[in-house]
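Chains as they are written, first to last, in the working numbering: chain W, 1 to 367; chain G, 1 to 367; chain F, 1 to 367; chain B, 1 to 367.
A portion of the hints provided could be inaccurate.
[As the list claims (entries may be wrong)] Partial list, derived from the structure: chain W residues whose beta carbon lies under 8 Å from chain F:
1. THR13
2. GLY16
3. PRO21
4. ALA22
5. VAL75
6. THR77
7. ALA79
8. MET82
9. ILE117
10. ARG125
[Said to hold, decoys possible] Computed spacing ranges between beta-carbons, pair by pair:
11. B:LYS304 / F:ASN52: 49 to 59 Å
12. B:GLY51 / W:SER364: 34 to 44 Å
13. W:SER37 / G:ASP263: 51 to 61 Å
No wet-lab data here; the hints were simulated from the structure. Even for Gly, the Cβ is constructed at its ideal location relative to N, Cα and C.
Number of protein chains: 4
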Amino acid sequence: MASNAFGNLFRITTWGESHGPAIGVVIDGCPAGLKISIDEIAKDLFQRRPGNTPYTSPRKESDVPKILSGLFEGVTTGAPIMILIQNEDADSSKYAMLQNQLRPGHANFTYLAKYGIFDHRGGGRASARETAARVAAGAVAKALLREHGIALYAYIKQIGHIRAKSINLNEIKQNPLFCPDHDASLEMMQLLDEIKKEGDSIGGIVELTSSSLPIGLGDPIYEKLEANLAKAMLSLPASKGIEFGDGFFSATLRGSEHNDLFDTDEQGNATLQSNHAGGTLGGISSGQPLLLRVAFKPPSSIAKPQPTLNIHKEKSILTLPEGSRHDPCVAIRAVPVVEAMAALVLADAVLMNSSTKITSEKSSLFN
Amino acid sequence: MASNAFGNLFRITTWGESHGPAIGVVIDGCPAGLKISIDEIAKDLFQRRPGNTPYTSPRKESDVPKILSGLFEGVTTGAPIMILIQNEDADSSKYAMLQNQLRPGHANFTYLAKYGIFDHRGGGRASARETAARVAAGAVAKALLREHGIALYAYIKQIGHIRAKSINLNEIKQNPLFCPDHDASLEMMQLLDEIKKEGDSIGGIVELTSSSLPIGLGDPIYEKLEANLAKAMLSLPASKGIEFGDGFFSATLRGSEHNDLFDTDEQGNATLQSNHAGGTLGGISSGQPLLLRVAFKPPSSIAKPQPTLNIHKEKSILTLPEGSRHDPCVAIRAVPVVEAMAALVLADAVLMNSSTKITSEKSSLFN
Amino acid sequence: MASNAFGNLFRITTWGESHGPAIGVVIDGCPAGLKISIDEIAKDLFQRRPGNTPYTSPRKESDVPKILSGLFEGVTTGAPIMILIQNEDADSSKYAMLQNQLRPGHANFTYLAKYGIFDHRGGGRASARETAARVAAGAVAKALLREHGIALYAYIKQIGHIRAKSINLNEIKQNPLFCPDHDASLEMMQLLDEIKKEGDSIGGIVELTSSSLPIGLGDPIYEKLEANLAKAMLSLPASKGIEFGDGFFSATLRGSEHNDLFDTDEQGNATLQSNHAGGTLGGISSGQPLLLRVAFKPPSSIAKPQPTLNIHKEKSILTLPEGSRHDPCVAIRAVPVVEAMAALVLADAVLMNSSTKITSEKSSLFN
Amino acid sequence: MASNAFGNLFRITTWGESHGPAIGVVIDGCPAGLKISIDEIAKDLFQRRPGNTPYTSPRKESDVPKILSGLFEGVTTGAPIMILIQNEDADSSKYAMLQNQLRPGHANFTYLAKYGIFDHRGGGRASARETAARVAAGAVAKALLREHGIALYAYIKQIGHIRAKSINLNEIKQNPLFCPDHDASLEMMQLLDEIKKEGDSIGGIVELTSSSLPIGLGDPIYEKLEANLAKAMLSLPASKGIEFGDGFFSATLRGSEHNDLFDTDEQGNATLQSNHAGGTLGGISSGQPLLLRVAFKPPSSIAKPQPTLNIHKEKSILTLPEGSRHDPCVAIRAVPVVEAMAALVLADAVLMNSSTKITSEKSSLFN
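Chain W extracted, bound-state conformation (with noise of 0.2 Å):
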C-alpha cells in the first residue's frame, strides 16, 4: 500500500488507529538548526481535539504530543522527528455492535472489500483521529515556514448555507467555530444546534489564506504548488472539493476580468494588483497571498437510524449506540488540519525550491 506517506523532501509518514494505544507520525526531511517547541504543538492539537465546544465530538482526548526523535536540546538535528500521540478514551466496546454493519457514507464498506479485514473500532485507519499525527506534523513545518516570513491562515467559511462575509483574522482562534465572521457564526451555532436536535449532521467550507508567499515556490507541471495542495486537501476524511482564487467561479468569467495585472510596489518590485488566482501563476507562486477552499461533506455518522445492509447482505437498520460521539459538522475541527496541510506543502516547496537554479543572481524583476 505504502500510501501513509506525504511530500518529497519534508516527508511524513502517519500511523495508528483510532482505537490503538496510539497514534504518530515520523517527519523525514526537517533541516538542522530549526528550534521546535513541544507548546506549539501541543497548542495546534489542542485547536483540533474534539471535546472542545458543544459542536464537536464529545471524545476527550487530552492529545499530549511526546517528541522521542529528531531534536537535540531544542533544535532539530537533521535526524527524523516522531511525535506520539497516545489514545486515551478509545471505547471500543459501542462499536461492537457496529461491526457487522455497513454503515452509509462510511468507508467499511471499501476496506472490507478492499483488504478482507477491517479494524472497526472507532473506525480504525479510517478515523479522523489520523487528521491530529498531521497537525502534529504541521506545526513543526509551520516553524520552518516562519523563518522564510510564511503565515497561515484557515477558518470556517460556509456551515450549510451560511456563509462568512467578513474575514476578520482576529476572530479566528477565539470563535468556538473557527468563524471570521462573528455574527454568521451566531448564526451558524443555531443551525448547528438545530442539526443536532435531529439527529442529523451538516457539511461546510473551509477557507485558507496566508502573507504573502515569496516567489517561486512550487514547481512547473505535475509539482504545481495548486496540485500538491489539491492532492493534500483531498486527502482529508470528508473532503469533496477544492477551489483555487475565484474557483468554480472563473468558469463565468472572462479573461478581461480574471487577469491579474502587473505593477510596481513600493519597494519598486514587481507585483500583482489583485488576486483572481489565489496566489500563483503556472504553479508557481506569484508573490501573492495563497487562497484556497476546501468543500466538506455533512459526517456519515447520524443518530438518526438508517436502512443498510449487514456483511452477509441481508437488509437491518443501522442506530448508532447511545452516547456514540460523532461532530456535527466536520469541516469545524478541519480547520486546524487544512492549515497543517497547507504547511506541510509550503514546507516541501521551500526546500525544494533550493535546488532550482545555479546561480543567486537576482532577476531584474526585483531590486
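With the hints as your guide, set chains G, F and B onto chain W.
Frame of chain W; chains G, F and B shown alone:
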C-alpha cells in the same frame, strides 16, 4: 526540479517545449502483454489538437505520434514506452515582441523569477502543448483500463453561465464542443462567437464520469483516489478547482441527504443506491461510476490590449501580435486531457491494487 | 533529508537515536492478511542485541518490541505497522567527554560539518542501534517471504584472515559467532580474544544465501535485484563492499567458466546447473538461491588511544572512557541485520512483481 | 515496472531497445542556468561507443546525441532535458536464429519468464546499448559537478589476473583500454588477443576516483553516498560487486590500521591524513577523494559453442552466428559508464544537500 513525472507504478515523464523540435512522453511501468494501436493514440491526439473547430486555437499540428520503444510486434514488453510528437507549426517569430513583456495571468513572470531564464517562444514548457504528451500516455492507460472493464467519459459541462442539462454520452464525440447536451452547445457556440468578437476569453467546467469502477481502487490516507485525481487535474494549465460527486454543493447538505445507502444488486452483491459521493468511500472506489468536475479559468492570452510591465519594470501595453493563436475557451480542448489524466490515475491505482492482500478470497459482501 | 526510508511498495521508515527514549520503524505497504507474531520479531531482535556473547558490545538492551498499529487480532490489515523499541541502557554520561573530540573513522565529523549540530550521545542517529529497527521490520518481511516459500540464511564467512570453509546451515543459530563452520569459529574466537586484549578491533565478511528464489523477482535496469540489495547492504554502518556469486573473483574468469548452463530439472522445468551469478540474470531472479557477501570494516571505536583533533581543531589524544561498550568485530552483530535487509529488498520485489504483466499464462519454459 | 528511472532530485529516465529506432534519456531536475555543450556529450559517448579499438565489439554506431528539449540558447532552463541517440547499425537478422534459444548467462531467460514476451533482437532492453543513454545524462551531471569543483576519473584497474600497479591519470584517455598503467595495459592487450582467439571472454575491474569532494554530500541511513553508488554500479549490466576504499581487504584489518586520523591542512581546516574509507564517513563525503572499484563478469556471449535448451526445453547447442558483435571484456567499455553513474549519484547528492540546514553558518571545524 524533477517535477515532470506523474504516477507511482504507471509512471509518465513528459518533455519538450511548445516551440522546440518535438515533445513527448516516456511511460514507465506499463505491464507486458498489452496490445497498443498507434491509431488509438492518434485518435485521442486528434481530439485535443488545435484547429479542429472555429472555437479552438488555429495553430495547425498534425500531431502524429511515433512510438520509439517498448512495443514488440504491437504488444507491450514491460519496457518503457516512448512516444514522440513532432512540432510542426511552431512559429516563434510572433513571440519575439512578447519576449520582454510580463503577460497578465501567464507563467512567464513566475518562471523568470524562479529560474532566471525563460524560453518565451510559445510559452515554452508552460504551454498547453505539453498536454498532448499526456493525451498520448492517457491512450495507453485507457487500453490497460479496458482490460479491467473501465471506460471514461469527459465532456463540457459548462461554458460561462451556460450549463449542460442533459448528459447524452453519444453526443459527446460528434459535438464540436464535446458537449453532451446539443441544445446547450448551440448557446455555448453563440457565446463563444461573442467572446471572440470582443477579443476576450471565457472559463468553463469539464465533467468526467465512467463505467462502474471495480471496488477497491485507490489507497487509504494519502493515495486516495480523489487525492490523486485532484493532483492530476490541478496540474493542468488553467485549472482552478475540482469537486467530486455533489462537491461544493455537499457543504449545504445534511448527512441524511448525502449518505448513499446500501442495497443488493441483481447479482445479489452489495452495492450503493445513489452516488452523492462520486464513486468513492474513504478514498477507495465503491463500485459506482466516478463523477468529478474541473473548473478552468478563462485563457489569459486575449486580443484586447492590457496594461502591464516589461521585464525592466516599466509600464507598457501588451498587445498580442496580429494572428496570435489562442483558445477562446481552454476548457474545450481540456476535455480529452481531463480524460487522459483520469486514465493515468486509474491505471496506477489498478497496478497498486495488485499487491494489497495476500489472499484472493472473496469477501462475504460479494458472490 | 528524507533519507530514513527504504523500499518502494514494502517501505520502512526508521527513527530514533541511540540515547533517546526509544527507536522504531513504520512499515508502510505490508499486504493485509499476514499473520505476525511478536515472538518472531523479538527472536530476531535477540539475535542482534548486544551483550549476548563476550564477542559483542556489553551494552544491555532487552529489546522488547511493541507493535503499536497495523495489526488486528494478530493479522495485518494493510495499515502501517509501527514497532517501537525502548532504549534502556543508554548511558550518556560516558559520552560527555567525547563531545568535543573528532573520533577517527566515526561519523561525528561529517554530521557536524553537514548539519552544524550533532547528537553526540552514543553516536545519535549514526549509531548501529538504528539497525535494531531494521531487524524488527525484517522479521515482518520474512513472514511475507515465507508465504512465497522464501527462506534466508546469513552467517559469518570471514573474520580477519580466518574464513569459514564448510557451510553448515544448522550450525549458524547455535554458534556464538553465527558461523556455519564450527572449527573456523574456534579460531575466530581465539583471534577476537587477542584483538580485545590489544584494545583493537577487526573486520569481517557476512555471507547470505537463500532457498531457491521464485523466478522473476527484481526489475530491469535500475531496480535490479542486485542494485537494491547493494543499496541495502551499503546503507549498513561499517559496510565497505558487496559482491554477488563469484563476485570480484569473476573478474579473473572466462565466459566459458562463468556462464551457468541451462538444463531441465526433475519436474521438467528449465533451470540452471550452477550458480556463478549468485541467483540472478539481468537483475531478475533466475530460480537459483541468492548468494552475496558483504565486507565490514573493523569498528572505529577502539580502546587504544588515538591522536586526533578536538572541534576547535587543536591536537588531542582520544581515549575512550573506561567501560566504553564497543564491538570488537561489528560483522558478527551485522549477521541478522544483513538477513533483515535482504528480506526487505525481496519483500519489495515480490510486491513489485505482482503488476508486471496482464496475463497469468505460463511460459513454455515451465510446466 | 517503473524501473527505468534513477535519482531523486537529479533524475533520469532512459528508454529504447538495442534494435529499435533510437534510445534516449530524459533528465528531470537539472537546475537552470547551466551551460551544456553538445560536444561534451558527444565526446563522452565516443568513449563508450563500440568499435573504437580491436578490443571492443565491432558494432558501428556514430552515437551523435540530439538534445530535443530543456536548453534555451545553450543554457538549461529547469525544464526536462531529452537526449536522443539514433540506432544505426542495428542488424537484427543475425539474431533471428537465437530467437528460440536460451543464452547462458543472458537475461533472455528471466525476461521471458517474468514478462512472457522478449524483444530478442540484440538483447532488447537488456542490451548494454542502454548505457549510452546513461553516458549522455552523465555528461550533463558532470557539467553540474564542475560548478562545484568536482572531477571524476574512472579507469581499468584489472583484466583477468593482470592489475594496474601505477595510477597515471594522464594515461587514461589516450590508453586504448582506459588503463592508467601503460605497461600493465600491454599485458592486458596480449591477454585479450588470446581470449579472442579462443572465442572466449574475460572479466575485469573498473576503479573510480575523484578530486577531493566537498564535505557533506550524501545523506544518513538509507541515502548514504556508498548506498546510492552501490545501487548505481550494480544496476550496470555484468557488474558483480563493488567496494569502497580498502573494501573487502578491510575485513582483514584492525581498527588501528583502518581508521583515518584527523589533522589540519594548510588552510587550517580539519582534514583526514589517509583514505582507507574511500572518501566517506557515515555515508557522507569527508573531504577526501572518492575511491571505489566495480567488478565485471566476463561477457556471456562467446564464440565457443555452448550446450543449452531451446524455449521448448529441448537440449541444443548455442553457436553465435558468424560475425556476431560482442565484447571480449565488457569492463573496458564500462569505464565511461561507471564515471557517468558516479556523476549522476553525486549530482543528486549536491542538489539534496541544498536543503539540509536552515543556517549557512560555518562549523568551527573550518575557516
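- Hint numbers the structure violates, sorted upward? 12
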